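First to last, the sequence lines map onto chains A and B. 128 is the number of the first residue of the first sequence in the working numbering; add one for each residue after it. 171 is the number of the first residue of the second sequence in the working numbering; add one for each residue after it.
You may find that some hints are simply not true.
[What the hints assert, rightly or not] If you want a taste of the chain B side facing chain A, the calculated C-beta under 7 Å gives, among others: (1) ALA272; (2) PHE277; (3) LYS279; (4) ILE284; (5) PRO287.
Quick caveat, the hints were computed from the structure, so don't treat them as lab data. Since the structure is predicted, the reported quantities are computational estimates derived from the model, not experimental observations. From the three backbone atoms N, C-alpha and C, an ideal C-beta is built for every residue, glycine too.
Read off the chains here:
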Amino acid sequence: NAGVTQTPKFQVLKTGQSMTLQCAQDMNHEYMSWYRQDPGMGLRLIHYSVGAGITDQGEVPNGYNVSRSTTEDFPLRLLSAAPSQTSVYFCASSYSRGSTGNTIYFGEGSWLTVV
Amino acid sequence: AQKITQTQPGMFVQEKEAVTLDCTYDTSDPSYGLFWYKQPSSGEMIFLIYQGSYDQQNATEGRYSLNFQKARKSANLVISASQLGDSAMYFCAMRGYSGGGADGLTFGKGTHLIIQP
């Protein structure tokens, strides 16, 4: 059981480049989400999905696109990277919206630097 | 909208002492959950403890306990007998369960805890 897998772990981009952060889970979770963590801040919700084909915006969605074609995968796309998107990105998954306690699983994080 | 406030940016504590990390929250959701996570310098998010808004008793998990005072909207984390390995960032977070609005965890800004020998 691999849990939540994020790739890549580290990435350096030039301003204006595009890239996709991958997130995959093997627990058949319906709910998946992306967060970003900036220095001195807690995690902030970017986008989330409550099932295949369903996505919605979180607190800080600008500059990011998502799609959910399968239950397992929830990629995060940066179409034109900006220095303000330099951050650590976390993917999380859970069985449902009502998941509690230790049933929310986080990936190990992806460190992205935009120069 | 939900809000988490952690008023202690950093704390220094002597090893073996008990530690209380403060967390206050605000929500209009009648059903919600409160979470504490530990983030060591390696960066991963480690779940520590959870309290549901309708739970009658304060949650405990080993050396961790959650002092839940619903009327005061506070959910402080208590670490008993601190250890050097407890040095890390600690985040309080919450999630609403009644529906409406963006679905996800709302985090505080965290407390950087340093345990001194």
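Hint by hint, here is what the structure shows:
1. ALA272: Holds: closest Cβ of chain A sits about 5 Å from B/ALA272, inside 7 Å.
2. PHE277: B/PHE277 check passes; min Cβ-Cβ to chain A is 3 Å, inside 7 Å.
3. LYS279: Where the cut-off is 7 Å and the nearest Cβ of chain A is about 5 Å from B/LYS279, the hint holds.
4. ILE284: 16 Å, violated
5. PRO287: This hint is violated: B/PRO287 lies away from chain A, its Cβ roughly 27 Å from the closest one there, beyond 7 Å.
Going down the numbered hints, you'll see the structure goes against 4 and 5, while the others check out.
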